[in-house]
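K.L.:
Heads up: the sequence lines are chains P and G, in that order. With my numbering applied, the first sequence corresponds to residues 1 to 490, in that order. With my numbering applied, the second sequence corresponds to residues 1 to 454, in that order.
A few of these clues could be false.
Unchecked claim - In silico DSS-like links for lysine-lysine, alpha-carbon gap of 30 angstroms or less: (1) G:Lys344 - P:Lys185; (2) P:Lys327 - G:Lys184; (3) G:Lys126 - G:Lys84; (4) P:Lys383 - G:Lys37; (5) G:Lys126 - G:Lys109; (6) G:Lys172 - P:Lys327; (7) G:Lys204 - G:Lys84; (8) P:Lys484 - G:Lys327; (9) G:Lys205 - G:Lys415; (10) G:Lys172 - G:Lys204; (11) G:Lys136 - G:Lys126; (12) G:Lys97 - G:Lys136; (13) G:Lys98 - P:Lys327; (14) P:Lys295 - G:Lys327; (15) G:Lys87 - G:Lys98; (16) G:Lys172 - G:Lys126; (17) G:Lys98 - G:Lys128; (18) G:Lys184 - G:Lys415; (19) P:Lys383 - P:Lys295; (20) G:Lys37 - P:Lys295; (21) P:Lys426 - G:Lys415; (22) G:Lys84 - G:Lys136; (23) G:Lys109 - G:Lys128; (24) G:Lys109 - G:Lys184; (25) G:Lys136 - G:Lys204; (26) P:Lys383 - G:Lys31; (27) G:Lys204 - G:Lys415; (28) G:Lys84 - G:Lys97; (29) G:Lys128 - G:Lys97; (30) G:Lys128 - G:Lys205.
Source of the hints: derived by calculation from the structure; they are not laboratory data.
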Amino acid sequence: MPTIWLVVLLLALAAAGFYWGRARALSSAGGDARELHSLPSYYGYHVALASFVPAITVLVVWLLAQPLVIENRVSSLIPAEAVPESSTLGLVMSDVRRVAEGLDIAVEQGMLSRKEARDMDTGTQDVRALLGEVGVAVGEDVRPEILSAAQAFRNLAATGKTAMTVVVALLALGGFAWAYARTHKDFRARNVVERGVLALLILAASLAILTTVGIVLSMLFETRNFFTLHSWTDFFFGLTWAPNFRGDSELSILPLLWGTLYISFIALLVAVPVGLFAAIYLSEYASSAVRAFAKPLLEILAGIPTIVYGLFALLTVGPALVDLFGKGGLLGVEWMAGATSVLTAGLVMGVMLIPFVSSLSDDIINAVPQAMRDGSLGLGATKSETVRQVVMPAALPGIVGAILLAASRAIGETMIVVMGAGAIAKFSANPLESMTTITTRIVSQLTGDTDFASPETLVAFALGLSLFVLTLGLNVLALYIVRKYREQYD
Amino acid sequence: MTDFSHSTPSAATEPRKHGGSLLAQTARTRKRNAAEKRFRAYGIAAIAAGLAMLLVLVVTIVSKGTGAFQQTFVTLNVELLESKLDKNGNRDLDDIKKVTTFGYAPIIKGAMEAAVEELGIETDLKSKELAGILSKNAAAQLREYVIANPDQIGETVEFRFLASSRVDGYLKGRVHRDSIANDKNISPEQLDLVDELAAAGVLKKTFNMDFITGADASDARPEAAGMGVSMLGSLFMMFVVLALALPIGVAASIYLEEFAPQNWLTDMIEVNIANLAAVPSIVFGILGLAVFINYMHLPTSAPLVGGLVLTLMTLPTIIISTRASLKAVPPSIRDAALGVGASKMQAVFHHVLPLAAPGILTGTIIGLAQALGETAPLLLIGMVGFIASNAPESLADGLLAPNSAMPAQIYEWAKRADPAFYERAWGGIIILLIFLVTMNTLAVILRRRFERRW
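Just chain G, with the same shape it has in the complex (with noise of 0.2 angstroms):
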């Protein structure tokens, strides 16, 4: 002990060629705490970034998007003149489906004409620039529900009606009035007129279900797009991908853990798996493509197509999930089985297989929700460039029938010219996003709730 502390303080002052004392830092050490402290600065800030990138991604979508949950509808009193719809007056449903949208024009005309005279408002617009306020929907849902209730003719209705894009686009402040210049669709006397509209209170922003109900719609109504059907398209392919990928990767899963014997066909299984796992999605399509819709003659655009090639993509990710979780059961249980007589086969799937079941659904769902998002391959086989419009009314026809999914309409509505179908698709992704923040949510809690430790 006496000759530590003799020698501690010559070995301490010896290399301190410029004397001095330890608590003050030579000029060598300052560099070296400095470089310290830049490091730590270096990853801090790459944190940072990384976080506030994701915070900007987040904003941009709330803050783009939420709009698209939100439309402005124009509150009419319809008078459904019998004159226009009904000429014979007997009600008789044929004769009243002969009337085409054209023919309904001049009734909201009419019912616009009234409501601006109704309010004292003063403007010099003639009928078709008042109607023009409205969207072009307006028509075509006038003329559904006087087909659905044909008893309501000569009535006087109070209608709930889409208003164009441009004026929606003016109420959320996509539209101004000096970017309208050259636009052909709205003028400035227009925009006088849904200030007045709005302070009256016929003109109202309100939450629009038939965004996340309703079908597409074509180029010049972006107002009435919505994703409904395109969720149903998404719906029915992932009704496929978990039925043909869950068994599958699972019976795979099982061989390669529980009995595959170490050899080539074995070997080449393995790297086959990784191999796929890794390869670009885009050329799961071009399979798909050739495969399904060239060679087999599937029909094009049909879920039941897309679901086909996301099933061949999330095959890998839910085998390497299942894999690790049934490695994770241990060998005692197995032992314990066998032990008391049962075959290899009956304690894989009786003992095995249910203490595994809670980690394979946790790996299913994250590649269920994967294969949610994925859109390269889906433009391969066709499910953009048309609107889809229809639900699917059977079964087989959601199979079958070409239709869209949630990130393709996305994808679509992002391709077209109309800014106003921006909002949609930001709309749409806030609405692909809860999906897939569900789904991984149920993964966690399940994993956190039935995992068990050996």
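Next up, chain P with everything else stripped away, as it sits in the complex (with noise of 0.2 angstroms):
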């Protein structure tokens, strides 16, 4: 990978600018770092910061970008005539792209030389048998204007590495150039230097909201590329899940989101009074030895991974419920089927949120001040209608925005469900049927191989920027609840 040696000269390159930029300062200066400016190993910095910075931003920026140009110019080679009726032109570049990937396989073992790959035509040769030796295998005859949009690119993205491996070592050594010539023992190395690293400072920090950035753009357009294939009624108002190949399918959120909803909502129904009875307990009764104790075992319970939870669901939880509840089992009634059910993972998932649910109450109920508990003690209240009458009511906008935040993480909990709770989408109040959730259905959607000129696959899209905006309104409503009627103490 000729990318990643760029890589390593470029921090060669700064290496060595480390100590020629120092030796040169110094020996500007007669030997005597005294006369310096700045520290030795700041002009050291200097010339290191130099060289590699710019050039390694730039190359950053066009591998990023270098994609997207090229797509743009092979995509206006091929003529609107060359897309058939039942295609896109999004399905036409990517066999473009895995002709091109095909010929690059072809030359690197040495079926093709480089200019035989370049000049081949479809008249003379059969491209896809050719194509299907070195492993990649392409659906139809390959038609000459892919196969000259496919060539198209490859001359593209070689040109564009050739012209980006000049330019990056061409900045990286210009820069070596400016800052080493600009080493003297009277340059303010280290202002320059310190300037630079704050930039790189804010350069890090803006990556949060960058990532954010990432996440909404690549959901929003894939989002809208599903709009345009699929009717945006039938996704928010429709009433059934049912993706198929023939192209008629019907893909709704509604039944998703109430198999998530219930799901969560059984959740919650067991991970808010164990976690808030724990979390009154602990703060309020208990000795400081048996918290000790406690709390962090109940913790463990948060740092357990959730592919443990989920096999924890499929392979113990599921089939005890169908011991019980199921054929032959204890109670005698045949209600479940299978061992996924809403119950199963519902179960599993709250015993996930009891330690969230009661970590974050115990601080809540920890903030209330001592001066509101002895003055309900002390007019003679028990300790029990003292919890219940002053510290919870105290308490409650924390405790509210603990329970939202809970909600928010059963709704996006991904393994527990794919593995626990069943793949059948449908409105059903019995708790005992296998259901599904909006984050099973992307995973479904997603795996495996993706097309992504189908809107079988692009609906996941939909559904993940669907689930980002649920989850973060409930969090963003949590944070506002506890800020809003946050009780003053101080």
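With the hints as a guide, bring the two chains together.
P.N.:
So this is what it looks like as structure tokens:
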């Protein structure tokens, strides 16, 4: 991978720059570091940064932008009539990419020379068979316009790569030369380096914004594609989830939302009472020894990866529930057909959320001032009356916030529902039936071979965006409630 | 004082309309006390319920998973027949390699027959059924040995073969005689033979190192599947996360904590970090799929992509803990550094950062532990659904070649049809949890050892 070598070379240049820059500064001061404006190493850092940072920035931006530019250029080469009725430009482009990739592999394996790959045409050679030989399967015979587009694609990619290497190398050497030339004993190296470092720090901090923007844009973009292929009214207001490959899929979010909310509700039904009472006991009743023992143990539950809970749901809780409610079970009822059900997933998810609710509530209850408890106890209330009538009302906004945060966790949880909830999308109130959730469907639509031109794949992005908005909304609501209704006791 | 002693009895008796002693509880007091006891009991019950769940979880994992670390092996003396393995007799490696695993099957059958005969066990099983006790892996194991040691052809060598998963399950109590009625892979007669072989000491259950170091195996050979390759996949991912998330996270925290002015940009960054910490992990998977794979065309299933996605996911955790430990360094340290003429940057990098380092390290380890157990994003970038059978050969291979990761491997096993894989999944969880416990313990020790109270 030559790009990696380019990075290694840049690093080597930076290291060399550090030593030469420092040496030059020292020699300009006649070897006496006290003559310098800054400490000697700052002159080294200056050269190193000047040769490395601009070059690596350009490299990264180039790598990000090149696919987009090439895509645009090549897709404008494909005439509109070359796109078949049933297909889209996107599909044709993915064919082009596959052919180009196949040609690359063929050249790499020595089956074609570079020139042959460039001059190949569909009239004289069976391109499909050749690509098949190197392990790239192409759906139909390669049409001439696709082959020429693929060749253009390869050309542009190769040119782009060469240009990138040249530009990056020139930039690195230029930066090096410029900084090296400026190195002199009166040069204010520390100030320059510190400004540069500050800029890097700001860049790192902005990555958080960039990630959010990336999440939103990537999902928004594909969601827009989805809505051009599928009506948005069906997605938001339809009542059936039935993807199929004939092209008349019914993809609507409501049945999935129902499953998600139902499972989350059961999870909260388990987690909120247990978590809340645990928090009350730990903060109001427990001796410090019990607290020191029970609190970390409960919090272990939060540190267990969700895959463990998923397996627990699939292989332990599900079968146990079937033994209870299923055919020939202990209760003698036949209510449950398989191990996956809303109850299975809900119970296990509830266990996962117990420490989440308890430690958040614990913090909030501890924040209620002791004077309020003392006042209540002094008036003759029992401890439980104090908790119920004084501490709880004071802590309520925080606790509601904690529950909303737990709900947002439950809605976004994936592994437990993928393994424990099942795959059938339906509206049903029976907790022993298997249902499916938003996250489960995202996983199933996006795993395996994904084709980014079919609504069945793209719907996952619309689901993801809905999930993002839903959880974000709950978090913001939780924060709002906490801020708005919090009592100030100081 | 006298007033007080006089008024007390009257004040106490006044509300007691029905008279009676202070020592006897009224109905109302009893009710209140009972409510108090109940409330307390709810609390104890809640804690007990939470701890009981933890106990059930641990007991389940340990009881179901420890089996995976043991495997049934059959020790056989195999005569490496020259007539089958090297017809030309010239020990030419290319000729030996031409014999496929099918060519080795008769040798194994013969060895089984010989062993049964030698032990004097009466059985009317055919040689094919005799060999059915062994794993399908046995022929491959034999072939590998012969190719590595061609000079042993013609000799009789002792081998330890894996038994088939049904036999293994029978010894571990997972497979019962009454549950195999419709099982075409094993018959009651074979189980009789297994009993005899076990009594003779040829067939034994021993510790199975291959589960820890080995590669995944196909659906038909659960007894040969191991975690080793996916462990390497996880290791490479953690390298990527550490190499990216630590510097970026620390840089971002330093800026926000030490340099950021109060303005809209800072506010925006803060809000974003808080939100990212609460975004469901699967959304990061979607981002990874859309940006790294679909747009940038990085290879699917590569640990590099997994590492990048997990980096984005871990960054908020690291930033939050790093900021907390930077905040814990008292301002007097900064003031002293500035007072002797250091620039602000020097004060931060030379004095504040080293003092905050233990806290940063602790936070990073906890963030890494979180990332190590995360599964959902890995499903979307394709780290499941294939057999991770090849250990990476080089650093670039480790980053770019398709691989699995520990949690993804566990999920993969849990999805397969053969219940023998479930035992492997639980065993995998034990390994994963050992890693997590070690990392968290390390974090706690670091915190205890280096934590400074100012």
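K.L.:
Hint by hint, say whether it matches the structure.
P.N.:
A quick look at each hint next to the structure:
{"no.": "1", "hint": "G:Lys344 - P:Lys185", "in the structure": "22 angstroms, holds"}
{"no.": "2", "hint": "P:Lys327 - G:Lys184", "in the structure": "26 angstroms, holds"}
{"no.": "3", "hint": "G:Lys126 - G:Lys84", "in the structure": "20 angstroms, holds"}
{"no.": "4", "hint": "P:Lys383 - G:Lys37", "in the structure": "10 angstroms, holds"}
{"no.": "5", "hint": "G:Lys126 - G:Lys109", "in the structure": "9 angstroms, holds"}
{"no.": "6", "hint": "G:Lys172 - P:Lys327", "in the structure": "27 angstroms, holds"}
{"no.": "7", "hint": "G:Lys204 - G:Lys84", "in the structure": "29 angstroms, holds"}
{"no.": "8", "hint": "P:Lys484 - G:Lys327", "in the structure": "27 angstroms, holds"}
{"no.": "9", "hint": "G:Lys205 - G:Lys415", "in the structure": "26 angstroms, holds"}
{"no.": "10", "hint": "G:Lys172 - G:Lys204", "in the structure": "11 angstroms, holds"}
{"no.": "11", "hint": "G:Lys136 - G:Lys126", "in the structure": "17 angstroms, holds"}
{"no.": "12", "hint": "G:Lys97 - G:Lys136", "in the structure": "19 angstroms, holds"}
{"no.": "13", "hint": "G:Lys98 - P:Lys327", "in the structure": "54 angstroms, violated"}
{"no.": "14", "hint": "P:Lys295 - G:Lys327", "in the structure": "25 angstroms, holds"}
{"no.": "15", "hint": "G:Lys87 - G:Lys98", "in the structure": "11 angstroms, holds"}
{"no.": "16", "hint": "G:Lys172 - G:Lys126", "in the structure": "25 angstroms, holds"}
{"no.": "17", "hint": "G:Lys98 - G:Lys128", "in the structure": "23 angstroms, holds"}
{"no.": "18", "hint": "G:Lys184 - G:Lys415", "in the structure": "22 angstroms, holds"}
{"no.": "19", "hint": "P:Lys383 - P:Lys295", "in the structure": "21 angstroms, holds"}
{"no.": "20", "hint": "G:Lys37 - P:Lys295", "in the structure": "22 angstroms, holds"}
{"no.": "21", "hint": "P:Lys426 - G:Lys415", "in the structure": "23 angstroms, holds"}
{"no.": "22", "hint": "G:Lys84 - G:Lys136", "in the structure": "19 angstroms, holds"}
{"no.": "23", "hint": "G:Lys109 - G:Lys128", "in the structure": "6 angstroms, holds"}
{"no.": "24", "hint": "G:Lys109 - G:Lys184", "in the structure": "19 angstroms, holds"}
{"no.": "25", "hint": "G:Lys136 - G:Lys204", "in the structure": "18 angstroms, holds"}
{"no.": "26", "hint": "P:Lys383 - G:Lys31", "in the structure": "14 angstroms, holds"}
{"no.": "27", "hint": "G:Lys204 - G:Lys415", "in the structure": "29 angstroms, holds"}
{"no.": "28", "hint": "G:Lys84 - G:Lys97", "in the structure": "12 angstroms, holds"}
{"no.": "29", "hint": "G:Lys128 - G:Lys97", "in the structure": "24 angstroms, holds"}
{"no.": "30", "hint": "G:Lys128 - G:Lys205", "in the structure": "23 angstroms, holds"}
Violated hints amount to a single one, hint 13; each of the other numbered hints is respected by the structure.
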